[in-house]
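Engineer: Sequences and hints are given; from them, build the entire structure.
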Amino acid sequence: MVFTSQIFLFYFLPLVLGIYYALPKSSEWRNFFLLGASYIFYGWWNPWFVLLMLFATAVNYTGGWMISRAPHGSARRKWALAGSVAVSLGTLGFFKYFMFFESNLNTVLSWVDGPTLAVLQVTLPVGISFYIFQSMTYAIDIYRGDAPPARSFADFACFVSLFPQLVAGPIVRYNTIAAQLVQRDHTLERFSSGSALFILGCAKKILLANVVGGIADSAFESEAPGVIDAWFGVAAYAFQIYFDFSAYSDMAIGLGRMLGFEFLRNFDSPYRSASITEFWRRWHISLSTFLRDYLYIPLGGNRRGERRTYINLAIVMLLGGLWHGANWTFVAWGGYHGALLAFERWRGKRGIVNFLPRPAQIASTFVLILFSWVLFRSPGLVDAGRYFGAMFGLNGGGAIAPLLAAELYSPGHLVLMGLCAALAFQPVQAYDLANEVTWPKTVALASLFAATVAAMFTQSFNPFLYFQF
Amino acid sequence: MTRTRLPQLGLVLVLLLAICAVGLIQVVAETTGAATPQLLDLFRRTPTAAGLRAYETDLEQNSWCGNRIRVATQLAAFVTFRDLGAKALIGRDGWLFYRPGLEYVLEPCDGLAEAAAAIVAFRDALAERGIKLLVVPAPEKPSIYPERLGLFAQGLKKPMATHTTRLIETLRNNGVECTDLFSTFAGASGKPLYLVQDTHWAPGGMRLAAETVARRLAELGWVSPGQAVYDLKPVNLLRQGDIVEMVQNPAIAERFEPEPIVCEQVIDAEQTPYKDAAESPVLVLGDSFLRIYERDEPGAAGFVAHLARELRMPLASIINDGGGSTLVRQELYRKPELLKGKRVVVWEFAERDIRFGVEGWQRVPLPE
Amino acid sequence: MSTMSTVSTELGILTRFEVLSACLLALLPCVGCGKTAESVPSKVSQVGTTEVTAVLEEVRGEFVNRANYDYAFVMKYKVKAVHRGSVEGDTIYVAHYNPQKARSSAADARVPDIGGNVTRFRPGDVHRIALEAPIDDYYMGGIINRYFDEYKGVIYWAVWTDDAQ
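Residue numbers (my numbering), protein chains in the order written: chain A, 269 to 737; chain C, 70 to 437; chain X, 296 to 460.
None of these hints come from the bench; they were simulated from the model. Quantities reported herein were computed from a predicted structural model and do not represent experimental measurements. Hints may be right or wrong, so weigh each one.
[Unchecked claim] Straight line, CA to CA, 27 Å or less: simulated DSS-like cross-link-like pairs of lysine-lysine:
no. : chain 1 : residue 1 : chain 2 : residue 2
1   : X       : Lys371    : C       : Lys411
2   : X       : Lys396    : C       : Lys156
3   : X       : Lys338    : X       : Lys371
4   : C       : Lys409    : X       : Lys375
5   : X       : Lys338    : X       : Lys396
6   : X       : Lys373    : X       : Lys338
7   : X       : Lys396    : X       : Lys375
8   : C       : Lys260    : C       : Lys302
9   : C       : Lys409    : C       : Lys260
10  : X       : Lys375    : X       : Lys447
11  : X       : Lys338    : C       : Lys404
12  : C       : Lys411    : C       : Lys201
13  : X       : Lys447    : C       : Lys404
14  : X       : Lys373    : C       : Lys201
[Claimed, not checked] Here's a subset of chain C near chain X, in silico, CB distances under 10 Å, partners left out:
no. : residue
15  : Gln107
16  : Asp110
17  : Gly120
18  : Asp127
19  : Thr239
20  : Leu240
21  : Glu314
22  : Ser357
23  : Ile388
24  : Asp390
25  : Leu396
26  : Gln399
27  : Lys404
28  : Glu428
Glycine included, every Cβ here is placed at the ideal spot set by N, Cα and C.
Structural biologist: This is the structure in structure tokens:
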């Protein structure tokens with residue numbers, strides 16, 4: 269189910285909230301109900317996918333159980349951890365990367381005139397990257413002693429499948445939520461703040477991301493955009509991905525609060541960053557901290573000398589890129605960010621143009637990020653190259669560019685792009701706004717929700733961008 | 070209750086009321102309308118991915134609230150931003166454009182090879198029966214009037230170098246005879262060749278197309294002029310453009326005045342409007358570019374009638390709205406009698422169908 | 296703690312509200328189930344030359360949804376009973392106009408005389424249908440026929456389609 273769909277908003281959500289609050293206040297009852305609701309939520313895409321999630325849940329629960337039973341430092345403990353991590357990554361690898369591996373292998377084989385393999389068609393279950401990572405943290409956190417084992421399989425399964433953040437994050441680590449699974453407070457303050465965040469997220473997705481997404485689509489799908497069109501298009505995509513992905517996080521955190529949970533913030537005005545290093549402290553925080561704590565630090569972090577630090581950064585960013593999807597564009601995107609991070613670290617974690625005033629640093633960082641979004645948005649490296657060419661006028665200007673311009677620069681698009689820029693570059697984001705609910709905010713949010721729902725009725729199915737990851 | 074909690078409670082109530090109301094209203098509307106609530110459909114059969122998608126689509130399309138609110142929202146977007154939604158675009162001087170037509174011109178087109186292969190196969194099948202084929206891609210409005218899209222598009226070289234030009238080249242290289250209306254239209258002056266609020270050509274454009282096709286048939290020596298004498302009878306009519314109708318919003322449609330059109334109806338010596346003749350040696354296949362003025366108001370004033378007048382003989386025709394790529398040939402398959410005694414088939418299709426043709430470009434056999 | 300309990304009380308109000316909503320949602324369909332559409336005699340027995348009760352066996356692929364035109368969509372049925380006229384064999388291919396819409400609202404200026412009480416088409420549904428054939432004698436427009444390659448026989452035109460579940 270998609271949060272901004274009628275089935276979720278007008279049927280699933282009211283029923284879930286109604287039944288949840290009608291149940292006894294015991295967290296066991298409510299967790300069990302949330303588990304069932306979450307499986308329905310997830311199975312709505314494809315009922316068979318639920319079995320895969322159940323498998324990943326069982327593997328990591330068993331791993332955690334074995335780890336908790338084995339003495340500290342014992343080989344059994346290590347093997348249990350290695351086993352659950354290997355099975356989890358193996359599952360992710362098969363469903364997400366097997367086809368990619370096979371098609372690349374075929375490309376290599378075709379270079380040497382070897383026989384090519386029939387590519388096995390594997391359906392990518394939605395949200396698999398998120399819930400596999402989440403369930404892996406359970407075994408790892410228990411192994412490290414960062415969290416106690418779950419009270420029951422149902423509690424753990426509830427954590428893995430928890431519908432608010434199941435499909436597109438934020439990536440919730442077990443140790444940040446373990447206590448809440450046992451005891452959480454349902455207060456009006458938390459519920460109202462969750463409602464506010466949910467409404468703001470809905471509005472960002474429906475009123476901003478979906479509209480500017482249309483601009484980005486027009487530019488990226490055009491055969492030959494002009495220079496200004498190409499820049500306008502990638503800026504639109506930058507706003508789309510931010511308002512889309514952060515909207516999902518806002519709604520997830522908001523829904524979590526309505527159900528008594530508190531998830532960590534996932535975005536912190538990322539486009540106000542003055543360097544790429546700062547950007548990664550503000551963008552998809554749950555992924556960057558996950559990669560830091562579960563990959564970068566275990567690789568040695570910055571403790572093994574300068575050269576190793578750069579290598580570790582590169583590994584983390586390349587794998588982070590690949591986590592987003594089985595495509596060389598994501599690898600290139602990760603590599604690009606890794607190179608920029610390494611360069612900034614070499615300069616003492618300072619931005620490339622740190623000698624300029626902060627607004628100029630922010631602007632230049634945004635431009636660097638725009639280049640990365642070209643890689644991220646393009647279906648292939650050749651398309652990305654073509655788009656870069658258009659941005660720098662290397663495609664001959666495009667004879668049909670004026671037609672594209674007529675489509676891109678409509679009054680509505682220009683107003684929306686201006687609004688997106690104003691909202692993305694100002695410091696107070698939805699997460700901050702939702703902290704305190706006052707009468708003016710209530711009135712504004714009610715109006716915003718009405719406008720959002722009205723706009724939603726006019727839009728066709730428009731899933732969140734991060735569902736594909 | 071403290072002052073801080075009241076607004077919190079207010080917000081929560083607003084949200085809950087809003088999300089509960091839509092479902093409740095839907096159930097009430099369905100039960101009072103003597104229909105089984107759609108919600109129950111969910112429990113009627115085993116859930117599958119496809120079934121759930123279809124269920125959700127139904128729920129959205131039949132939403133009582135959604136269908137009413139949508140009308141107001143579209144109107145607000147139109148009034149505020151001159152936005153006509155996903156299907157239409159407003160250009161200069163009130164000119165409307167169908168967005169897929171523009172997308173066809175702007176975006177890469179993967180279907181060229183498939184279209185060319187289907188056309189060549191159709192030509193070959195006809196040739197086996199001694200029937201000639203003339204292909205007539207009908208230009209999209211943006212190809213002919215790009216400058217009407219906006220200020221940015223002023224001074225563009227016309228006609229736009231579209232995928233259709235490449236298709237025509239490919240077909241000609243394969244020995245398929247094509248009529249290039251793009252060059253003809255680009256060189257034309259005078260009244261607009263296309264309707265302002267419609268995807269189709271104006272009577273002048275249609276007539277120019279018919280004349281061009283007739284001239285080409287004569288040049289090729291495929292058709293000898295007949296004996297029939299047709300005359301023209303001017304008819305004035307008002308037409309609500311199909312682009313306005315596609316917005317599917319009466320409140321918006323009201324804001325567009327119907328377009329005054331002067332048609333020329335083709336009439337015979339008895340002043341009777343032109344009629345097809347199934348036994349004609351010429352069969353015309355096509356889509357709504359043939360239907361307009363011919364089967365629509367005023368009747369007998371469209372491409373087929375004017376081509377018949379140019380050729381001085383009644384023609385046979387199959388007109389399949391939005392089905393120029395494949396559906397019209399499937400219809401021909403179901404009507405074998407229309408192929409009897411034919412010497413020439415003229416096949417028109419909207420150029421955007423090269424990419425967006427309904428059911429693609431299937432190989433369709435000729436009727437037995 | 297007192298704040299907490301106050302808040303809990305407030306949430307309690309919401310709880311009852313939510314539960315009430317949920318109960319209403321659950322109950323209203325039951326009210327609807329008691330109703331029947333039999334009060335007005337259906338046109339299914341009055342229109343068309345053939346009338347059958349048939350199980351919708353297959354809806355092949357997605358419906359075509361274009362802004363500019365509506366199409367008829369061919370579906371495969373297994374005939375259970377023939378009430379009027381005759382059909383060829385027990386598998387028939389029936390074209391429904393504008394199948395995304397409920398039959399009661401599917402008619403338009405171009406195709407004015409169709410109707411029924413079926414709201415959506417799902418494989419497994421049982422329909423009582425008034426038919427005409429061949430389709431081209433009764434309907435002029437696009438026909439989406441995904442059986443074209445495998446079946447070249449008669450395509451029926453659905454004039455009236457009622458639920459016969």
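Engineer: The structure should be examined with respect to each hint, and the outcome stated for every one.
Structural biologist: These are the hints, each one checked on the structure:
A threshold of 27 Å between alpha carbons decides the hint, and for Lys371/X with Lys411/C the separation of about 34 Å lies outside it, so the pair is violated. For the hint pairing Lys396/X with Lys156/C, the CA-to-CA distance comes to about 19 Å; that is within 27 Å, so the pair holds. Among the hinted pairs, Lys338/X with Lys371/X is consistent with the structure: their alpha-carbon atoms are about 22 Å apart, no more than 27 Å. Proximity of Lys409/C to Lys375/X is assessed by CA-CA distance (about 39 Å); at most 27 Å being required, the pair is judged violated.
Among the hinted pairs, Lys338/X with Lys396/X is consistent with the structure: their alpha-carbon atoms are about 18 Å apart, no more than 27 Å. Proximity of Lys373/X to Lys338/X is assessed by CA-CA distance (about 22 Å); at most 27 Å being required, the pair is judged to hold. Under the criterion of a C-alpha separation no larger than 27 Å, the hint pairing Lys396/X with Lys375/X is consistent with the structure, at around 25 Å. Only pairs whose Cα atoms come within 27 Å are accepted, and Lys260/C paired with Lys302/C is accepted, the gap being roughly 19 Å.
Proximity of Lys409/C to Lys260/C is assessed by CA-CA distance (about 39 Å); at most 27 Å being required, the pair is judged violated. Taking the CA atoms of Lys375/X and Lys447/X, the gap is near 22 Å; set against the 27 Å cutoff, the hint holds. Between Lys338/X and Lys404/C the CA atoms are separated by roughly 30 Å; this puts the pair beyond 27 Å, and the hint is violated. Restraint check: the Cα-Cα separation between Lys411/C and Lys201/C comes to about 9 Å, which is no more than 27 Å; the hinted pair holds.
Taken as a hint, the Lys447/X and Lys404/C pair is honoured in the structure, with Cα atoms around 12 Å apart against an allowance of 27 Å. For the proposed pair Lys373/X and Lys201/C, the alpha carbon gap of about 42 Å is over 27 Å, so the pair is violated. The interface hint given for Gln107/C is met, as the beta carbon of that residue sits about 7 Å from the closest beta carbon of chain X, less than 10 Å. Interface restraint check for Asp110/C: the shortest CB-CB distance to chain X comes to about 8 Å, inside 10 Å, so the restraint holds.
At its closest, the beta carbon of Gly120/C sits 7 Å from a beta carbon of chain X; the interface hint therefore holds under the 10 Å criterion. Given the 10 Å rule on beta carbons, the hint for Asp127/C holds: about 5 Å separates it from the nearest Cβ of chain X. With its C-beta approaching chain X no nearer than about 25 Å, Thr239/C sits outside the 10 Å limit, and its interface hint is violated. Contact between Leu240/C and chain X, as hinted, is not supported at the beta carbon level, the nearest pair being about 24 Å apart and thus beyond 10 Å.
Against a cut-off of 10 Å between C-beta atoms, the interface hint on Glu314/C holds, since the closest Cβ of chain X lies about 8 Å away. Nearest Cβ of chain X to the Cβ of Ser357/C: about 7 Å, under the 10 Å cut. The hint holds. Because the smallest distance between the Cβ of Ile388/C and any Cβ of chain X comes to about 8 Å, under 10 Å, the interface hint for this residue holds. A distance limit of 10 Å between C-beta atoms decides the matter here; for Asp390/C the minimum to chain X is near 5 Å, and the interface restraint holds.
With 10 Å as the threshold, the beta carbon of Leu396/C comes within range of chain X, its nearest partner Cβ sitting at about 5 Å, so the hint holds. The restraint placing Gln399/C at the interface with chain X holds, with a minimum CB-CB distance near 6 Å, inside the 10 Å limit. Annotation: Lys404/C was flagged as interfacial toward chain X, and the flag holds, the nearest CB pair being 7 Å apart, inside 10 Å. Below 10 Å, beta-carbon pairs count as interface contacts, and Glu428/C has one with chain X at about 6 Å; its hint therefore holds.
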